[in-house]
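Line by line, the protein sequences are chains Y and H.
Mapping of the first sequence onto the working numbering: residues 103 to 597, in sequence order.
Mapping of the second sequence onto the working numbering: residues 41 to 366, in sequence order.
Watch out, some of these pointers could steer you wrong.
[To be verified] List time: in silico DSBU-like cross-link candidates among lysine-lysine, alpha-carbon distance up to 30 angstroms: (1) Y:419 x H:162; (2) Y:421 x H:256; (3) H:320 x Y:366; (4) Y:460 x Y:368; (5) Y:366 x Y:428; (6) Y:369 x H:253; (7) Y:371 x H:320; (8) H:320 x Y:421; (9) H:162 x Y:369; (10) Y:464 x H:253; (11) Y:460 x H:352.
Just so you know, these hints were derived from the structure itself, not from any lab.
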Amino acid sequence: MNIEMKGINKSFGSNQVLKDAGFLLKDGEVHALMGENGAGKSTLMKILTGVYTRDSGTVLVDGKEVLYKSPQEAEKAGIVFIYQELNVLFDLTVEENLFMGKEITKKFGICDRKAMREKAKEVMDRMGVDIPINAVMSDLSVGQQQMVEICKALMVDAKVLIMDEPTAALTQSETEGLFKLIKSLREKGVSIVYISHRMEEIFELCDRITILRDGTYVDTKFIKDITMDDIVKMMIGREIGERYPKREGVEIGEEKLRVEGLTKEKKFKDVTFSVKAGEVLGVSGLMGAGRTEIMQAIFGNLPFDSGKIFIEGNEMKIKSAQDAIKAGIGFITEDRKTEGLLLEKSISENIVLANLDKVSDKGVVRKAKVEEIVKKGIDEFRIKCFGPQHECNNLSGGNQQKVVFAKWVYTDPKILILDEPTRGVDIGAKKEIYSVINDLAAKGVAIILVSSELPEVLGMSDRIMVVHEGKVTGIIDANEADQEKVMTLATGGTL
Amino acid sequence: MGNKENVALNKKSWVSYISEYGAFIALILLVAVISIISPEFRTAGNFLNLLRQATFNGLIAFGMTCVILSDGIDLSVGSTLALSAVICAKLIMEGCPAILAMIIALISGVILGVVSGLLVTKGRLQPFIATLITMTAYRGLALILTDGKPISNIAKSIGDRGNQFAFKLIGKGNFCNIPIPAILLIFALVVFFFILNKTTFGRKIYATGSNAKCAKLVGVNITLTKIIVYAISGFMAALTGLILISRLDSAQPTLGDGYELDAIAAVALGGTSMSGGRGKITGTIAGVLIIAVLNNGMNLLEVSTYYQDVIKAIVILVAVLSDRKR
Chain Y
103 MNIEMKGINK SFGSNQVLKD AGFLLKDGEV HALMGENGAG KSTLMKILTG
153 VYTRDSGTVL VDGKEVLYKS PQEAEKAGIV FIYQELNVLF DLTVEENLFM
203 GKEITKKFGI CDRKAMREKA KEVMDRMGVD IPINAVMSDL SVGQQQMVEI
253 CKALMVDAKV LIMDEPTAAL TQSETEGLFK LIKSLREKGV SIVYISHRME
303 EIFELCDRIT ILRDGTYVDT KFIKDITMDD IVKMMIGREI GERYPKREGV
353 EIGEEKLRVE GLTKEKKFKD VTFSVKAGEV LGVSGLMGAG RTEIMQAIFG
403 NLPFDSGKIF IEGNEMKIKS AQDAIKAGIG FITEDRKTEG LLLEKSISEN
453 IVLANLDKVS DKGVVRKAKV EEIVKKGIDE FRIKCFGPQH ECNNLSGGNQ
503 QKVVFAKWVY TDPKILILDE PTRGVDIGAK KEIYSVINDL AAKGVAIILV
553 SSELPEVLGM SDRIMVVHEG KVTGIIDANE ADQEKVMTLA TGGTL
Chain H
41 MGNKENVALN KKSWVSYISE YGAFIALILL VAVISIISPE FRTAGNFLNL
91 LRQATFNGLI AFGMTCVILS DGIDLSVGST LALSAVICAK LIMEGCPAIL
141 AMIIALISGV ILGVVSGLLV TKGRLQPFIA TLITMTAYRG LALILTDGKP
191 ISNIAKSIGD RGNQFAFKLI GKGNFCNIPI PAILLIFALV VFFFILNKTT
241 FGRKIYATGS NAKCAKLVGV NITLTKIIVY AISGFMAALT GLILISRLDS
291 AQPTLGDGYE LDAIAAVALG GTSMSGGRGK ITGTIAGVLI IAVLNNGMNL
341 LEVSTYYQDV IKAIVILVAV LSDRKR
């Protein structure tokens, strides 16, 4: 299916999000759509699939002008959007999800479960996905849920698949499975629009790339004719320089945190490592390897069976997040939206909540102190907002993450655990977050950086700890580490 | 920051301004309309009366606001009120000094609230179910304690004059012509406003209701916060119970039946989100007054009690709909 979008304009209220945006998709290609957060990628695709209506512009599908009024209409035409926020019913089974609204029925509307099961099996086999069809969605991993979503799209014989950050929550092996699937779909003539912030994936997977900036079309190129730097330059409209800013003159000091023999049955076993002041310890591993669980345990949010935690040489009993905070640990969770922020509350309230002791006096909150700390946070972290009362819901991903950083930094942590701090954050904001990490290290904070993005771990860490199935398979110096070594350890191999 | 964006923001805050004070606007309209129709309504005496009538629901609704803000609900307030009132009356009849009996009743209220709180936190029950259980249990206990019969002539049985005065004062007393219950209501309003807006504990209540996971990770003790919130609600119910038995000079095990629903209605009228995290105590007082004015006004206008409930329901529906954001 060929799709041509030309001169698309779209405003929400007084805010014009698309200005003369465009896009050209050919039969059987994987087409990357890139741009910073807020560049209009998702909006453009939502206009194509009838979620939004365009203010002006043309959309041609196989040469004919179309205007889908709803996603269902687009789906009938063979264009399916797989959203970043998965659109699944968590309490229902895989089968019920796959056929929601499209049940195969016998007479009198009675569900033909046998036929549905067969069809589901056929599609899942074709994709090489192995998920029990009777499983309840909420029991599946995010990766599996995503696979179900893709299966759902293929149920309706999609000719165009739009994927918005599909690998954000996938394990390495699931990602590989997805790529294999995408490639085989391409061979069958399905076109794929691939929205992602991950450069490596774009280069591995895509044929062409279109870049949007501030809602405007910038350019379309063949991937083979272009470099990562070119893409970045087009995305932000200027040179960004080094992707991972260097930490210079940071002295690595005393040991801040030491973990010995930390064990929790079925999650992780005999985890031992330490972090020093001013050091960034990268933690790498496949999704599900137990990285997050280890960090949650250190932070007192997940009870563990045995092991010891030492802060500045003293053993600490950490049983709750309160204990951990008192001991000087800060924790930026991987899930900013459900664990990191009070989304419906203001920047001010979020920063203050982590620093209640600082801004209050015998339990009474002091307005002046609140204003001071919040203003400092907004200035120091360059949070783009209307002011302290700006609701976090309306901030971009990068700015939300900056609020999370601000709230933790003012608790003066000795140790800061960062779990996927740049997930869902665009490239400009990513670099700012890296600078924040470097500044903190320079101030003598010991930093643990958990990340699924290998280049990030390699670029930012002093040492890298690799976890495989709950065990530490190696701690290597960043100077000696490369992608291959880390992956070998992460998949259970030895160097 | 562009000018355009600033204008948009100002516009938004103007709309939210109206929805923020929607309950007050409704209250003022209501008072104005009934005042025009009924001359009796607009007398100072009636306003004081109205305020006293509002006290019972008001005090309970303040506690309920805290519970709902923390993403809970407390169905047990009516039963808690009855049980602690019965405990107080029983103690007095047994010869316990009235002041001491009243203090014990208030402490009972707190303990009864803590039990609900423990069921919600440690017992991991849904607040609705947990307080449905305590609601049923407390009512049963009140019936057991009294053998199902009212305890009457309480004041007379108090020998000591000081104690008798204290018992009468809380429900029937006046200060500068203002009923003591009304003064308690205003005092409670100030205290709750202070707690919710100015203290770290208030922030913790909002944070717990807004996103408990996140609050926990920044070191808020959610368990303790929730237990305290139910304790506050229990205390307010017990206090209301004391005012009631002082006024009635009698304690019945069926006291406060259905009060939880009036309190929840007032909180909802005041714009507090039933899923927690959003809401104001000033909204709740407006909600309480709307209900009180409706009851009082319709009685004065001699509206049939059958119609009264339907009209109340319509007012609540309209208020809640107009308050809905997005």
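Against the 30 angstroms threshold, does the CA-CA distance of residue 366 of chain Y and residue 428 of chain Y hold or violate the hint?
holds, 23 angstroms
Given pair status - residue 320 of chain H, residue 371 of chain Y, alpha carbons within 30 angstroms:
Status violated; Cα separation ~48 angstroms.
Check whether the Cα positions of residue 460 of chain Y and residue 352 of chain H lie no farther apart than 30 angstroms.
violated, 46 angstroms
Is residue 419 of chain Y within 30 angstroms of residue 162 of chain H, Cα to Cα?
holds, 22 angstroms
Between residue 421 of chain Y and residue 256 of chain H, is the straight-line Cα distance small enough, at 30 angstroms or below?
holds, 13 angstroms
Would the pair residue 320 of chain H and residue 366 of chain Y pass a check requiring their Cα atoms to be no farther apart than 30 angstroms?
Roughly 43 angstroms between the alpha carbons, so the hint for residue 320 of chain H and residue 366 of chain Y is violated.
Given the hint that residue 464 of chain Y pairs with residue 253 of chain H, does the C-alpha gap stay at or below 30 angstroms?
Holds. Residue 464 of chain Y to residue 253 of chain H sits at ~26 angstroms (cutoff 30 angstroms).
Holds or violated: residue 320 of chain H to residue 421 of chain Y, with C-alpha atoms at most 30 angstroms apart:
violated, 34 angstroms
Is residue 369 of chain Y close enough to residue 253 of chain H, meaning Cα to Cα at most 30 angstroms?
holds, 21 angstroms
Is the Cα-Cα distance between residue 162 of chain H and residue 369 of chain Y 30 angstroms or less?
holds, 25 angstroms
Is the straight-line distance between the alpha-carbon of residue 460 of chain Y and that of residue 368 of chain Y 30 angstroms or less?
violated, 39 angstroms
The earlier numbered hints that this structure contradicts are 3, 4, 7, 8 and 11.
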